[in-house]
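The sequence shown stops at residue 420 when you use the numbering used here, and every number in between is there.
No wet-lab data here; the hints were simulated from the structure.
Mixed in with the good hints, there may be bad ones.
[Claimed, not checked] Here are the simulated BS3-like cross-link-like pairs (lysine-lysine), alpha carbons at most 30 Å apart as the crow flies:
1. Lys-48 x Lys-63
2. Lys-347 x Lys-63
3. Lys-297 x Lys-99
4. Lys-59 x Lys-48
5. Lys-245 x Lys-8
6. Lys-139 x Lys-6
7. Lys-88 x Lys-99
8. Lys-6 x Lys-17
9. Lys-184 x Lys-354
10. Lys-59 x Lys-8
11. Lys-236 x Lys-363
12. Lys-212 x Lys-354
13. Lys-184 x Lys-212
14. Lys-273 x Lys-99
15. Lys-59 x Lys-335
16. Lys-139 x Lys-8
17. Lys-363 x Lys-347
18. Lys-99 x Lys-17
19. Lys-245 x Lys-297
20. Lys-6 x Lys-59
None of these values were measured; they are calculated from a predicted model.
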Amino acid sequence: MSEDMKQKALDYHQFPKPGKISIELTTPAETSMDLSLAYSPGVAEPVKEIAADPENAYKYTAKGNLVAVITDGTAILGLGNLGPLASKPVMEGKALLFKRFAGVDSIDIEVESESPQAFIDTVRRIANTFGGINLEDIKAPECFEIERTLIEQCDIPVFHDDQHGTAIVTVAGVLNALEIQGKKIDEVTMAVLGAGAAAISCSKLLILAGMKRENIFMCDRNGVIHSGRTDLNQYKAGFAVDTDKRTVDDAINGADIFLGLSGPDMVTGDQIKTMAENPIVFACANPVPEIMPDIVKAVRPDAIMATGRSDFPNQVNNVLGFPFIFRGALDVRAKRINEEMKLAAAKALAALAKEPVTPEVLKAYGLDSLEFGPEYIIPKAVDSRLLGIVSTAVAATAIETGVADGPLPANYPLKSVKDI
């Protein structure tokens with residue numbers, strides 16, 4: 001980042017006042033009567049109603065539209081373990097995106113915890129305050145156990161976006177890329193570079209979408225995760241396959257898909273050359289991908305390429321997912337965000353990319369035209385249709401799979417996943 005850009009980033013966070021979020025009032029607080037209703041004695045009435053039936057918290061408080069963005073600061077962006085306080089700008093940024101794209105109110109919470117169990121205990125004890133919990137920037141493998149335990153112990157949606165948000169957008173892009181390249185998901189092979197939270201979650205969701213587990217060759221620092229290795233944790237072991245492939249070169253050679261969730265410049269053009277005909281390359285390390293698009297285009301002009309960057313086509317951007325996933329879950333009071341809801345969100349994203357692009361999107365990106373094809377397989381973040389389409393898919397699927405307490409809101413533009 002240039003010095004000028006660094007200063008702009010610092011100024012953005014400092015002015016006109018420090019931070020990116022604030023709290024606003026939703027009811028009048030001007031007169032003596034207003035204050036009597038807002039606090040004592042009027043506040044006693046909703047207190048008694050909630051004590052009689054906890055569900056009334058959704059009726060008389062902001063709980064139903066409030067998400068906690070919670071971290072321990074152990075895996076901040078690509079910067080590593082810098083501690084909870086240093087993660088606060090990121091968590092505020094997440095809150096900003098929730099509000100900007102889906103009208104969801106959120107509070108950032110940075111937890112000092114001496115262990116994963118201490119973190120779990122802290123979050124569990126405050127969970128009742130919120131309608132949902134977005135876990136963020138927690139290192140693997142601890143993040144898996146933290147999320148699993150909190151899902152079991154909380155009766156509101158708990159969602160680790162670094163895992164599932166990335167997976168949902170990735171699966172949407174892969175489904176469309178496969179269609180364009182004329183390939184079937186149950187026949188392709190995939191090389192995955194990286195074996196952390198995002199890589200494992202992406203692979204799991206692709207399997208749910210139809211990919212065969214035995215066709216996924218996941219690589220960590222020690223090479224291919226195969227059935228003969230004895231150094232694997234339980235999460236990596238789930239992707240150990242019976243194969244004679246041992247190196248990253250072996251995994252990429254002949255693969256239909258490369259999925260990178262590792263680090264910068266980890267792959268060469270010579271490696272991409274060895275992929276199957278009409279390959280799909282998702283190099284999602286940020287800000288520098290595993291391989292740059294111009295290198296891929298030079299060696300494999302038949303490839304479809306995606307990155308995590310906004311300055312190249314096909315950005316894998318989590319903001320396409322989490323605001324609308326929580327919007328849908330909150331609106332039907334879902335108790336959790338299950339695998340079916342995640343896949344429904346991915347399919348909704350994939351479907352939207354095939355629709356005619358609206359003038360608002362073209363204007364925002366300074367384009368004259370844009371249509372479904374190799375350089376447009378994932379919708380743009382400013383597409384206002386995301387709110388209706390993805391939220392409906394999530395909410396309707398929550399109802400269909402029995403994890404929702406409420407009906408689909410009457411103001412939803414679509415009434416069923418079948419309408420997408």
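Structure-based check of all given hints:
no., hint, result
1, Lys-48 x Lys-63, "16 Å, holds"
2, Lys-347 x Lys-63, "29 Å, holds"
3, Lys-297 x Lys-99, "37 Å, violated"
4, Lys-59 x Lys-48, "13 Å, holds"
5, Lys-245 x Lys-8, "47 Å, violated"
6, Lys-139 x Lys-6, "26 Å, holds"
7, Lys-88 x Lys-99, "17 Å, holds"
8, Lys-6 x Lys-17, "18 Å, holds"
9, Lys-184 x Lys-354, "18 Å, holds"
10, Lys-59 x Lys-8, "42 Å, violated"
11, Lys-236 x Lys-363, "44 Å, violated"
12, Lys-212 x Lys-354, "26 Å, holds"
13, Lys-184 x Lys-212, "11 Å, holds"
14, Lys-273 x Lys-99, "43 Å, violated"
15, Lys-59 x Lys-335, "17 Å, holds"
16, Lys-139 x Lys-8, "29 Å, holds"
17, Lys-363 x Lys-347, "26 Å, holds"
18, Lys-99 x Lys-17, "18 Å, holds"
19, Lys-245 x Lys-297, "26 Å, holds"
20, Lys-6 x Lys-59, "44 Å, violated"
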